[in-house]
Amino acid sequence: MYRQMLSATQQESRAKNAVAEFLFRELIVPKVFFDAPWPNGRKRVDVLAVDRSGSGEIHAVEIMAGTNSLTRIRQAVDDLGDIPAHFKYLALFGNKNYRVDSRILYAPDGLGRVGVIQVKEDSAGDLSVEFSIRPERFGLNSSVFEMIDKFTAARYPNIEIRP
Amino acid sequence: MNNATPITTLQYTDKADHFLQGMKLLNDDVSAYRTGVGLLAIHSAISLNDAIIVGITGHRGKYENHVQAADELDNICKLTKVMNSKGVRHLRWLLAKKNRVAYEHRRLDDDSVQMAVDLAKKFHSWAYNYFREVLRVQANA
Numbered sequence: 337m338y339r340q341m342l343s344a345t346q347q348e349s350r351a352k353n354a355v356a357e358f359l360f361r362e363l364i365v366p367k368v369f370f371d372a373p374w375p376n377g378r379k380r381v382d383v384l385a386v387d388r389s390g391s392g393e394i395h396a397v398e399i400m401a402g403t404n405s406l407t408r409i410r411q412a413v414d415d416l417g418d419i420p421a422h423f424k425y426l427a428l429f430g431n432k433n434y435r436v437d438s439r440i441l442y443a444p445d446g447l448g449r450v451g452v453i454q455v456k457e458d459s460a461g462d463l464s465v466e467f468s469i470r471p472e473r474f475g476l477n478s479s480v481f482e483m484i485d486k487f488t489a490a491r492y493p494n495i496e497i498r499p
Numbered sequence: 173m174n175n176a177t178p179i180t181t182l183q184y185t186d187k188a189d190h191f192l193q194g195m196k197l198l199n200d201d202v203s204a205y206r207t208g209v210g211l212l213a214i215h216s217a218i219s220l221n222d223a224i225i226v227g228i229t230g231h232r233g234k235y236e237n238h239v240q241a242a243d244e245l246d247n248i249c250k251l252t253k254v255m256n257s258k259g260v261r262h263l264r265w266l267l268a269k270k271n272r273v274a275y276e277h278r279r280l281d282d283d284s285v286q287m288a289v290d291l292a293k294k295f296h297s298w299a300y301n302y303f304r305e306v307l308r309v310q311a312n313a
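Read top to bottom, the protein sequences are chains A and B.
For what it's worth, my numbering labels the leading residue of the first sequence as 337, then goes sequentially.
For what it's worth, my numbering labels the leading residue of the second sequence as 173, then goes sequentially.
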């Protein structure tokens, strides 16, 4: 009964947490950042996970909570297109049974597909997370590792395994 | 820190990944897979250590026992001026449990299994933090 009183921001934050835990489990030993200013301060990535303690593949997630607006979802996918990441995901929470048109998920050159993550809430209020569409790797220049090294050196992750 | 043998390093990091992910999966039902969890934790660290050693020296050491692998990692840390030696301690702890887990009749207690899981993850974190250039072949593959 309390869940219905949560604000949109609170619901989005719950989804961020659930997705972060999901990636933390799926990946090897990631560093996870919430609202990450990646690749620069003009854009915030809802959940950014850099695998292998910040030395590996970059995973970027855009959270969409409580909307079935095709325009907004398409915009979210477009926004992901500008983010340098090896794997990109759209995470849907409280979007009823909305299914993403898979054609919009592919990179223009076909090298990469945005994955779709479904966040679901059961009657007890517990969240579960699963892939509805698995991601395909995007092509990136290896110079991105210089950028990510600077990024991870400049801030503490929200979640990590400490050595 | 250049990688002397990127392909072989990648083969070892792949093995380390498989062991680590298997460990995480089985750890969800630790009572059913206790010994498997422990062994996968230990082997994930052994394989990642092999990746570091082969990446830096160009060859994998042949050891009378696995404790020598930790000694070699310790030497590599000194050679490459890696001052943080936590990873060597994690590896030593895991290697010290290998015979008990794999060959002896005694079972690993709950605390030791959990410690093995934690230290395997910590060893991976340490390795990727301090040998990132050597191990980055994975991400570039």
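There may be inaccurate statements among the hints.
For lysine-lysine, the following DSBU-like pairs were computed, each having C-alpha atoms within a straight-line distance of at most 30 Å [said to hold, decoys possible]:
hint : chain 1 : residue 1 : chain 2 : residue 2
1    : B       : K234      : B       : K258
2    : B       : K253      : B       : K234
3    : B       : K258      : A       : K486
4    : A       : K486      : B       : K269
5    : A       : K486      : B       : K250
6    : B       : K187      : B       : K234
7    : B       : K269      : B       : K196
8    : B       : K234      : A       : K486
9    : B       : K269      : B       : K258
10   : B       : K234      : B       : K269
11   : A       : K486      : B       : K294
12   : B       : K253      : B       : K269
13   : B       : K258      : B       : K196
14   : B       : K270      : B       : K250
15   : A       : K456      : B       : K196
16   : A       : K456      : A       : K379
17   : B       : K253      : B       : K270
18   : B       : K187      : B       : K258
Incomplete in silico selection of chain B near chain A, CB under 8 Å [to be verified]:
hint : residue
19   : S284
20   : R304
21   : R308
For the record, the hints were derived by calculation from the structure and aren't laboratory data.
Glycine residues also receive a C-beta, built at the ideal position from the N, C-alpha and C atoms.
Verification of the hints:
{"no.": "1", "hint": "K234(B) / K258(B)", "in the structure": "23 Å, holds"}
{"no.": "2", "hint": "K253(B) / K234(B)", "in the structure": "24 Å, holds"}
{"no.": "3", "hint": "K258(B) / K486(A)", "in the structure": "24 Å, holds"}
{"no.": "4", "hint": "K486(A) / K269(B)", "in the structure": "38 Å, violated"}
{"no.": "5", "hint": "K486(A) / K250(B)", "in the structure": "25 Å, holds"}
{"no.": "6", "hint": "K187(B) / K234(B)", "in the structure": "18 Å, holds"}
{"no.": "7", "hint": "K269(B) / K196(B)", "in the structure": "18 Å, holds"}
{"no.": "8", "hint": "K234(B) / K486(A)", "in the structure": "37 Å, violated"}
{"no.": "9", "hint": "K269(B) / K258(B)", "in the structure": "17 Å, holds"}
{"no.": "10", "hint": "K234(B) / K269(B)", "in the structure": "20 Å, holds"}
{"no.": "11", "hint": "K486(A) / K294(B)", "in the structure": "22 Å, holds"}
{"no.": "12", "hint": "K253(B) / K269(B)", "in the structure": "28 Å, holds"}
{"no.": "13", "hint": "K258(B) / K196(B)", "in the structure": "22 Å, holds"}
{"no.": "14", "hint": "K270(B) / K250(B)", "in the structure": "25 Å, holds"}
{"no.": "15", "hint": "K456(A) / K196(B)", "in the structure": "23 Å, holds"}
{"no.": "16", "hint": "K456(A) / K379(A)", "in the structure": "27 Å, holds"}
{"no.": "17", "hint": "K253(B) / K270(B)", "in the structure": "28 Å, holds"}
{"no.": "18", "hint": "K187(B) / K258(B)", "in the structure": "22 Å, holds"}
{"no.": "19", "hint": "S284", "in the structure": "19 Å, violated"}
{"no.": "20", "hint": "R304", "in the structure": "4 Å, holds"}
{"no.": "21", "hint": "R308", "in the structure": "6 Å, holds"}
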